[in-house]
Every structure is written in C-alpha cells, then in structure tokens.
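With the sequences and hints as input, model every part of the structure.
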Amino acid sequence: MNRSFIGGEYKLSRNPFPPAASGIDVGKDLYIPPKWKERIEKYYNELRHGKGAKAFPIVGEYGSGKTVLLKGYLKNFFENKRIKPIYFENPGAEFYDLANTLMRSLGRHEFSKALWERCKEYLAEKTRLLFPMTFNDMLSTLKTKTDRENKARELLDVIKNKLKLTDDEEVAYRLGLMIVETASKPYFSYRDFVAGPKDSLVAEGEEPKYFKAIIKAIIKIYGVDGVAFLIDEFEEVAFPKRMTRKQTYGYLATLRSLIEISESENLWIIIAMTEEAKEETEKLTPPLWQRFTHQQMETILRFEPLTPEESKELIIWWLNRAREEDDFKEYRDKLFPLPENIENILESPDIRSPRRLVRIGFFTLARAEKEEVKAPIPLEFVEKVIKELYPPQIPKGVENDKQ
Amino acid sequence: MKKRETLWMRYVDLEKIKDMLHLVYENNGELRAGTMEQLGIKERILVKREGGKPLSHSSLYHYRKVMEGLDLVKVRQNFYYISEDRRVQNFIELTTFKKNMSLGAKEILREIIVGNNDCRKYFFDVFMDEDNYTLEDFRREGRYVIVETRSMREPLSVKENRAEKNNENIHKKKAGAVILRNPSGKEAKLKTQDEINAIYWGVRLWALGLEITDEILTSFAEGRIIYPVNPDFSDKILINYLLNKIKANNSDSEWVVLHIPTFIKEVALSTRFSVNKIKNFLEDLKIKYPSFTMFIPSSTMFIDIKTPFEKQDWAIRNSYIHKQGIGYISHLRIQRKILKEVEA
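Quick mapping for you: the protein sequence lines, in order, are chains A and B. Numbered continuously in the working numbering, the first sequence closes out at residue 724. Numbered continuously in the working numbering, the second sequence closes out at residue 430.
For the record, the hints were derived by calculation from the structure and aren't laboratory data. Using N, Cα and C, we set each Cβ at its ideal position, and we do this for glycine too. Heads up, a few of these hints could be off.
[Unchecked claim] Ranges between beta-carbon positions, derived for each pair: (1) W638/A with G295/B: 53 to 61 Å; (2) K423/B with N401/A: 48 to 56 Å; (3) E491/A with R229/B: 56 to 64 Å; (4) T92/B with Y711/A: 51 to 59 Å; (5) N326/B with E586/A: 45 to 53 Å.
[Claimed, not checked] Distance condition first, Cα-Cα at most 25 Å in a straight line; then the derived DSS-like pairs of lysine-lysine: (6) K374/B with K705/A; (7) K708/A with K374/B; (8) K423/B with K356/A; (9) K363/A with K472/A; (10) K423/B with K633/A; (11) K333/B with K604/A; (12) K102/B with K185/B.
[What the hints assert, rightly or not] To spell it out: a stretch of chain A is covered by chain B in this simulated footprint if at least three of its residues, at any positions, have a beta carbon under 8 Å from a beta carbon of chain B; those stretches are: (13) 623 to 635; (14) 649 to 659; (15) 668 to 674.
Okay, here's the thing in structure tokens:
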C-alpha cells in the first residue's frame, strides 16, 4: 500500500534517499556541484604544466562530500585523462602504511607478474624458448635461494638500465626480489615495507626512491600516463590517538615524499582532510604546506555549504533516481513532491551539506509516506522534520561557569 | 618558634575555606587546630567529594594553613580567631554557610589573594612591572605570562639519550623547574617541588578559579599563557574585532573560515576577556545569525596531538567550543554578508 501511495501521490518508485547518508555507495556517479568541477579542472590544467607538485588538498568537514568527490568524481576524472587513480582509505601515516596499502590494492602476484612481463621483453634475448615462458613457469625454475638471487640480479639490470624505473641499484634489486620471491610468498605482508628487517622489500633510508620506482612501474605496467593517489581520511589514521613526535615526523615525511615524487613524476596527490587537519599540517610545516598548495595559487579545494540553488539541484538529482520509469518521466527534474519554495527553510548553512540534505530528504519522504501526506508536502512539514533532525540552538545563559 | 621553611599555599577548595571560616566565626576563639578539623569533618566540609571520607591529615593541615596564610584567621595561644580585617568581616557578611559565594564575596576574596605578600611575591608580581599594585591595577596593567617547563626546553633527542643512558622511563624523571616569564623578561622560577605545588598547583589555580586570571594553551611548544582577566566584557569590541577579521580576509570566497583557538588567543591577549566569555560570544553569534555562521567540528584526536602530555589535553581542549552531541568545534565559518547585516 505504501509503495502505491508513494508512486501514486509522489510519483516516485521508492524513497530514493539512502537512510544513512554516510557511507553511500559512491561507485556510481553522484551529484557534484558545478563549481567544484570547475575548480578541479582549473587546478588540473594549472598544475599539469607547472614544475611544482601535482597535488592539492580537499578540505571539508565531516559530511561535506569529500569521499563522494574522491570516489565518485575524481576517479573518473583521472581515468578519462589516462591517469590511473588509486583510492586509499585510512592509509596510515608512515611510509610503509602507504606502500602496504598501495601494493596490497594492486596485489603482489598481479604486480610482480606484470612487472616481469615488461622485464621479459629484455630477458628473452638471453633465454629464447619455443614456447613463451609464463610467469609461473619462471617462478618454478627458481628452486634455491641462489637461483632466486641470481634471477633478482638479472632483473636488477633490466629494471635499472632498460625499464629505467630507478637509478639506484639496491632499489632495483629489491624490486627484482619482489618478483622472484612471489612463488614462496604470493601476498604482501606488512613487514615487507618496513625498511630494516632482513627480508624487507624496501631499502633502508631509500623509501622515496623505492616509491618512485613503484610509481614508474605502475605507469609502465598499466600503460597509463600517470598515477593519481586519492587519499581519504589520511589524518584519521595519521592521528589515531596521541601522536608521538616520531609519529608526527613520520606523517610529515610521508607527505613530503609524496609531494617530492609528484614534482618529478606524473603522480597526482589529492588528499581529503578536515579543517583542523589542514590547520595542524600547515602549522607543523609551513614550507611543505606551501608546496602542497602552491603558495599564491592557493590550490585548496575548500568545501563550503551548498547554495540554496545547489541544495535544490542535489535533492532533484536524488529524486530522479526514483523516476527512471516512464510513468514518472514528466516529473523528472522537479522538486515535487517537496515544496517548490523549499529554499525558504534552507537558510541555515548547517543543513546545506550533502549528507544532511540527503538525510532530510529521506526522513521527510519516509514520514510523509507513513502519514499519507498529500503532495506537495507542505513546507511546515519539512521544517518540522528538519527541526527534529537538527534542533536549533538555544541561547546560553550569560554566566558560563568554568568546568 | 622555628621559622617555617616551606610555602603554605596549596590547591584547596575556596568554597570549603569560606565554610570553615564561618565555623571559626561561629566559635570565635573556642577552637584549636584539632577541634576545628573535627568540626569541619562533622559538618561535612573537610570530607572528600566522592565517598564522604575525611580528608587526609596533610589536606586538613593545608586547609588550616591556607586560612592562616591568607590572614583570614589569627591563632592566639593555639586558639583560632576570625581576623579583624574589615575585608574578612565583609566577606563573612556577604557569604552564607554552605552556599556558593556571591560575585561580591568572590571579589573580596580576589582582593585578599592579590593583596597577600606570599601570593604576590611568587605569582602575581611576575605579571607586573611595578611592585605596588591593587587588584584593579593588576587587571588593567598586568601583562601575560608564559609558563615554560623543562620538557619544553629540552629537545626530544636529549631526553631519549638520557633515558637510554640511565635506562629509565623518561616519564618517571624528577620534575624540573617551572618558569613563569612575562614578555618584558621578568620571570619567576619555581625550582623546588614545594614551590611548584604551592604556586603552580596552588595560587595559579585559585587565580584561575576566581577568574583573576585565565589561561590559553594552543600548542605544547608555545606553552601555557596566563593573563589577567578584564571583567568589563563588551561584545561590541568583539564584534568589531570579528568584522575586521572578515574584512582583512582577501580570499575570493563568500565565506571566511576562522580557527577558533587562534581567534580566542588573539582576542584574549588584546582584550583580556576570559576564554569563556569569548566562546559564549561566538556561540551567541551563531544563534543570532544562523544564516551567516556555521560551526565546523573537529575530532579530539586533532586537539590532543598538540601536546605530548595527556594532562594538558583539557587545557588545549578549552580553546575549542564544546557542543553536546557534536563534540569539539574547531572553526567558525562566516558569510561575508554578515558585515551588512551587523553594520546595518
């Protein structure tokens, strides 16, 4: 009965707003305000030809749409420009956290295999066979440690001199090791990227070089022009609890390495952070922050409250999700069943964030449907829902005693 | 009589001091130290807030010594008498047993504390250029003071090396000197644990509790800032300050974002208004102009990384606005249009 009411009265196949506005499935295209898109295009065009870092922060409070922008828009944006986007969620502050997340997302077997395929072009001259050797065949020939070490040295030469992924022998050797050790260890483990231990894949003190080589490898393997790191909630893990000074330096060193690599390679670094994370990072190291935001250019994509017009567009975008059927097509791109003058109750910028608007949309429709409110839903009804969800503040007393 | 070599000031609840003073007043010249303490316990004054158990012997001792040190009472032949000082008599008249002190009573207590020689010598003098001053002078002319601790002076590497050498936990080392330093260079060095307990954890907290001073701590490296509070609060001054901030912002956005702890620090140091008054002003502004203002919350993890010491968290968090159900607010976003609205 309810479904028929929502269809008959509201011209919607269902309530299109997700009940929990956080954690929306952003695999699909979502509403992005045009001004955000314009700003991104501007930064991209300005930075891609410049000598500085190809990086900029996205600053916004919780629920302002940072994740949606990274996953739902920037991913496609970079893909369309032949740049491989890699999305990181809570990557961690240290270099090995980032390397670990990156390599795990690519997969050890896949990455090693693909790298070997590129190396094979040069190795094949020495070992030409009737049938091309597969990656697994090659691994099966490496029975002893000496075999693996010899192969790693062979690969070192190709990685360094032919593929030119790095000019550092040790880094090239570690990449070679990554390939030859795949048989005995098909998955990456956390310790692989902690520089120092015996079997580490990273040379101590050479983390940025190693990372740079990996970026170059990704570009070669996937046949793309560049790589984009879309880093979400960096600070959430960067500052999981009280940060020791050592951890703070780790966070800054990682950020510095990324920015340095992006200055020389086609690596794009987009980091979503909250206002306070921005404030703190800027205070911790002003010169690094200036490199990150290109000084006078101030490449900071700062999320501000949507305008009332953008708020209406967002609501309409969601309503259209439940108007795909032909029966409802004449109601597409309309605010109906919500009141046309809804902007009158969207004066407060607090509620003009994507997450809050979606939540308001869901509860308004759910309640109106339950109470079988006739369309268009009265403005007062929506206002009541808003007040319940986000109660207005009550003035404080004059005296505010210290705790 | 052997001269006392340790300082008498300690952190005590000034409301309890007031109630004890009423007991002395009611039993003027009849109480000895022991009987006064017993009466305080019987009247549920000198007892712990949680569980109601009597305070420890040393705490009972400190309550008595603070009353004596502040000259609220006189001891003659081991019996306690109420002081004949006019201010103390007024204080008794303006207060009621077991009722919170009125604003007028608090003002008298402030005068007594700021006028006390020991409190001046070890704490209030460092704020002042002149030696002769009243509470009013202190409020009007007192400079701010920065608290410097040993951990701020030593780089991390030095501490780590020492810890390795001594094979000891760096957190368990002895307390170092605390230096209170005003911008003109005048300083008070608290070298011994007794001085730290008496001044840093004693007089400083009385002054803070009575709003003679207020404190800001925005980062560990910068240190705790203590400043005399100007009680003549004016929201006009604050609104002008805020509007000038907005005007000075050159970004092309219609919104201006202000970092609240930085704003509070700047305003507090230039106006001497208390942190709470400034926070209340911002909260009222949000209520008064909901269409032009917006609070941006922050997670406590960002607040807490500003100091390596957990005990300083509260002081750091105090520079943020706390909203029930939302958490800590780190920024205020203001629409430029507010300029027209306010100036109209």
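Hint check, failures only: Of the numbered hints, 2, 9, 14 do not hold.
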